[in-house]
Amino acid sequence: MAMNPMEQFAIKPLVEAPLFQIGGHAIHFTNQAAMMVLVAVVASVFLSLAAKPGRLVPTRGQSLAEVSYEFVANMIHSTTGPSGLKFFPFVFTLFIFVVCCNFFGMVPGTFTVTSQIAVTFALSSLVMLVVIVTGFMKHGIGFLKLFVPHAPVYLLPLLIPIEFISFMTRPISLAVRLFANMLAGHTMLGVFAGFVVSLGAAGGVLSLLSIGPMLLIVAIMLLELLVAFLQAYVFAILTCIYLNEALHLHDQH
Amino acid sequence: MAEPVHTTATTEHPQEGGFPPLDTSTFPTQIFWLVVTFAFLFTVVWRVAGPRINGVITSRRSAINSAIAEASKARAEAEAAQAGYETSLANARSRANALAEETRQSLNGEIAKAKADADAEAAKAMAAADARINATRESAKATVGTAARDAAIAIVERLTGDKVSSDEAAKAVGN
Chain A
1 MAMNPMEQFA
11 IKPLVEAPLF
21 QIGGHAIHFT
31 NQAAMMVLVA
41 VVASVFLSLA
51 AKPGRLVPTR
61 GQSLAEVSYE
71 FVANMIHSTT
81 GPSGLKFFPF
91 VFTLFIFVVC
101 CNFFGMVPGT
111 FTVTSQIAVT
121 FALSSLVMLV
131 VIVTGFMKHG
141 IGFLKLFVPH
151 APVYLLPLLI
161 PIEFISFMTR
171 PISLAVRLFA
181 NMLAGHTMLG
191 VFAGFVVSLG
201 AAGGVLSLLS
211 IGPMLLIVAI
221 MLLELLVAFL
231 QAYVFAILTC
241 IYLNEALHLH
251 DQH
Chain B
1 MAEPVHTTAT
11 TEHPQEGGFP
21 PLDTSTFPTQ
31 IFWLVVTFAF
41 LFTVVWRVAG
51 PRINGVITSR
61 RSAINSAIAE
71 ASKARAEAEA
81 AQAGYETSLA
91 NARSRANALA
101 EETRQSLNGE
111 IAKAKADADA
121 EAAKAMAAAD
131 ARINATRESA
141 KATVGTAARD
151 AAIAIVERLT
161 GDKVSSDEAA
171 KAVGN
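Each protein sequence line maps, in turn, to chains A and B.
This note's numbering puts the first residue of the first sequence at 1, with every later residue one more than the last.
This note's numbering puts the first residue of the second sequence at 1, with every later residue one more than the last.
There's no promise every hint is true.
Claimed, not checked - Subject to a maximum C-alpha distance of 25 angstroms in a straight line, what follows is the list of computed SDA-like cross-link-like pairs (lysine to any residue):
| id | chain 1 | residue 1 | chain 2 | residue 2 |
| --- | --- | --- | --- | --- |
| 1 | A | 86 | B | 51 |
| 2 | B | 124 | B | 105 |
| 3 | A | 52 | B | 54 |
It is worth saying that the hints were derived from the structure and are not from the lab.
Quick caveat, the model's predicted, so the values are computed rather than measured.
Kindly generate the complete structure, drawing on both the sequences and the hints.
Rendered as structure tokens:
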């Protein structure tokens, strides 16, 4: 094969020399770092400048900013109730960061930040850290009741380990879901792009056949745009659900 | 990808065939940039963008709410004005009805009085007429009796040549 579909996930330093060392690890400025900086700067500038105080009739950009703001605010409100709104900046940042990384990664030739397990696992660990800190700050040691479901006492020796394991695997499932979705979609696109190149290079009738995988790429691209939004949404709403448990344990909000 | 310059801590990877997301030598760099960019975006959202967007949404909502409140106040005022208008209309109508009724009553009274006066006058006239008729009839009766006696006297005198007294004559004609 002319192209390795995995090559698009390779992290390459844009500057040969490491910027500096942290604890013996060299820190580089890489293609992924450039994308993350781009996402953070574009999202910050857009969200800060889109909404102009006093402009009651929104422009297109302001509408987008307001819609995403209210989308996340409603998401938090419906899953955790009013008490969860103090986590709005955190959940909103998570959603915006993930959705921008996903969408910017859809532009051919760019790098998809969220296709890296290190990034998604770091984000999901941050979510779990916030959940655990919130739980213990709100309920003290009573937060451990999270592992004790409402069930007959004789079932508890079985249920408590299950609850514990399911809680501990959350960061993994949260991270792998986003990572695997983005990785699979982009790998598929890479594979079909490889077909297009190979068939085109083969010459004759085979070159004409390369239109097939090309059309498939278009179709998968549309699907991936949906997945890009959906996975950011899933990431944000699962964060809300976990925060709701930390705030209210097993009670309804 | 994993150039020798990339890291000092891990083994080198072959150029092809590796699985880049699991290349742990890139993890410190990834985590570093994630922390920097995420913290930056979080700070901006928390301190600048969030309050700004929230301010715009809140001010729009309050503008809409105050406009709605103003509109409903205006509607209440309009309804009160209409109610007042209807009350005064009803008052005027009932006053007009009362006035009309009063007028009709007083007119009826006058008409009845006039009629009673006219009736009384007519009755008086009729009584006078009756009296006159009776008097005439009485005098006529008296005249007829005298005439019959005189005629009887004259007839007897012509036929017999006797003179009868007026008393006899009167007895004879049944007077």
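Which of the listed hints are broken here?
2
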